[in-house]
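Novice: Here's the letter readout for the chains.
Protein chains: 2
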Amino acid sequence: SQDLDAFFRQKKQMDFILEIDKSKNVFRQTYISDGSRKENDAEHSWHLAIMAFLLAEYANEPIDVLKVMKMVLIHDLVEIDAGDTYAYDSCGNETKKEREVAGARRLFSILPKDQEKLIWDLWEEFESGQTAEAKFARTLDHCQPVLLNDASGGRSWREHNVRREQIYGRNTRTHEGSEKVWRYVKGIIDKNIENGNIIQE
Amino acid sequence: SQDLDAFFRQKKQMDFILEIDKSKNVFRQTYISDGSRKENDAEHSWHLAIMAFLLAEYANEPIDVLKVMKMVLIHDLVEIDAGDTYAYDSCGNETKKEREVAGARRLFSILPKDQEKLIWDLWEEFESGQTAEAKFARTLDHCQPVLLNDASGGRSWREHNVRREQIYGRNTRTHEGSEKVWRYVKGIIDKNIENGNIIQE
Ligand SMILES: [Ca+2]
Chain L
4 SQDLDAFFRQ
14 KKQMDFILEI
24 DKSKNVFRQT
34 YISDGSRKEN
44 DAEHSWHLAI
54 MAFLLAEYAN
64 EPIDVLKVMK
74 MVLIHDLVEI
84 DAGDTYAYDS
94 CGNETKKERE
104 VAGARRLFSI
114 LPKDQEKLIW
124 DLWEEFESGQ
134 TAEAKFARTL
144 DHCQPVLLND
154 ASGGRSWREH
164 NVRREQIYGR
174 NTRTHEGSEK
184 VWRYVKGIID
194 KNIENGNIIQ
204 E
Chain W
4 SQDLDAFFRQ
14 KKQMDFILEI
24 DKSKNVFRQT
34 YISDGSRKEN
44 DAEHSWHLAI
54 MAFLLAEYAN
64 EPIDVLKVMK
74 MVLIHDLVEI
84 DAGDTYAYDS
94 CGNETKKERE
104 VAGARRLFSI
114 LPKDQEKLIW
124 DLWEEFESGQ
134 TAEAKFARTL
144 DHCQPVLLND
154 ASGGRSWREH
164 NVRREQIYGR
174 NTRTHEGSEK
184 VWRYVKGIID
194 KNIENGNIIQ
204 E
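The listed protein sequences derive, respectively, from chains L and W. Numbers in our numbering are just positions in the first sequence, counted from 1, shifted up by 3. Numbers in our numbering are just positions in the second sequence, counted from 1, shifted up by 3.
Hints should not be assumed to be uniformly reliable.
Which copy is meant is left open, because identical chains are indistinguishable; a pair holds if it fits in one copy or across any two.
Claimed, not checked - Simulated pairs of lysine-lysine, DSS-like, Cα-Cα distance not exceeding 27 Å:
| no. | residue 1 | residue 2 |
| --- | --- | --- |
| 1 | K189 | K116 |
| 2 | K14 | K70 |
| 3 | K183 | K120 |
| 4 | K183 | K70 |
| 5 | K25 | K41 |
| 6 | K194 | K15 |
| 7 | K100 | K15 |
| 8 | K14 | K120 |
| 9 | K120 | K41 |
| 10 | K120 | K15 |
| 11 | K70 | K25 |
No lab work stands behind these hints, which were simulated from the structure alone.
Isolated chain L, as found in the complex (with noise of 0.2 Å):
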């Protein structure tokens, strides 16, 4: 019956939104600004949101601020099976999109059907890296980081003796979506590479 259906279609969204609970336990590399502990996927996220509707006005290119905002909220949820690979974990990176895949089948499917293909859609999206907004969305989630570990000292670059090569390695194309934003968060990594917390060589 179509009440059936109904109850069936709400009942798969919210096991979905439960499910994705879990992000709040996937812990990163970055500490949180004070330094007190790292953070988790779930607080990232939505430090990306905000970030994506306050800087939006520094996007390369015109922008919908709230597929930006969908796409920065759901692009980690894939972790909760695979983990947080940290950026700089090369070993980690060979077998992280295979891990990724798997979790976003698994997890993607608790959805009903046209919500399961939006956000695979959406993660994508972020994924490739080609569109306005997902250039945009990257760059935020290349920037955060440099901005809290910037906060906490440096911490996170000193207990992985992050070099500055390695540093601009994965940011090549942090650019993209944003040149003004970049530049902002080029001044805090090369202040850190001056001070020691980022090795130059």
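Given chain L, put chain W with the ligand in place with the hints provided.
Specialist: For chain W with the ligand alone, coordinates are given in the frame of chain L:
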């Protein structure tokens, strides 16, 4: 000069983005779904923003989803200064408004004037609960803790000896944003009255 104005504008925005990181240290009375620890404001707001777009179809009136998402993302920022006031703490709730307005004044004024106004307007709209967007946002804000409390075995309700009349008293208007979300969540509340997690009087 224009360059300097542009620099200061961006600096203010970035300072605000860093300041709101403190939301990750504002802990609520709700436990995350596995019951392992309490949830913080950043995580809670992230959860609501995803609920906003996945459950938008259940809003009683047509809503601007982007506005709802912005609203829920920023609605608890004032607690950085004011702290979380537990829904059933009647003393705390007497001074809550005053503390929160002071928090808003300090915090929002870090932003450039136009964005300070934008955030004030969103927060006041949320607090007043009169528009379709604010009603829907408030429904989500009241329903998400029920999902988590239920998932964590009613721990937060039991710790605070929450009574049926309190939870229904707090939720007299929750249906105004979405009859369908409220109906689903009311089913969960009633189950927890039956099983004794919420005190039936
Ligand atoms: Ca990631």
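Novice: The structure should be examined with respect to each hint, and the outcome stated for every one.
Specialist: Outcome of the hint check:
Proximity of K189 to K116 under the C-alpha cut-off of 27 Å is restricted to the inter-copy arrangement: shortest distance 26 Å between copies versus 41 Å within a copy. Taking CA atoms no more than 27 Å apart as the test, K14 paired with K70 passes in both settings, with 25 Å inside one copy and 25 Å between copies. In this homomeric assembly, K183 and K120 come within 27 Å of each other (Cα to Cα) only across copies, at 23 Å, whereas the closest approach inside a single copy is 33 Å. Taking the closest pair of Cα atoms, K183 and K70 come within 27 Å of each other both inside a single copy (21 Å) and across two copies (25 Å).
Proximity of K25 to K41 under the C-alpha cut-off of 27 Å is found in both arrangements, the shortest distances being 16 Å within a copy and 13 Å between copies. Taking the closest pair of Cα atoms, K194 and K15 come within 27 Å of each other only across two copies (19 Å); inside a single copy the shortest separation is 48 Å, beyond that limit. In this assembly of identical chains, K100 and K15 lie within 27 Å of each other by CA distance solely inside one copy; the values are 26 Å within and 37 Å between copies. Proximity of K14 to K120 under the C-alpha cut-off of 27 Å is restricted to the intra-copy arrangement: shortest distance 17 Å within a copy versus 38 Å between copies.
In this homomeric assembly, K120 and K41 never come within 27 Å of each other (Cα to Cα): the closest approach is 32 Å inside a single copy and 32 Å across copies. Taking identical chains as interchangeable, the C-alpha atoms of K120 and K15 lie at most 27 Å apart only when both belong to the same chain, with a minimum of 14 Å there against 38 Å between chains. Taking CA atoms no more than 27 Å apart as the test, K70 paired with K25 passes in both settings, with 23 Å inside one copy and 26 Å between copies.
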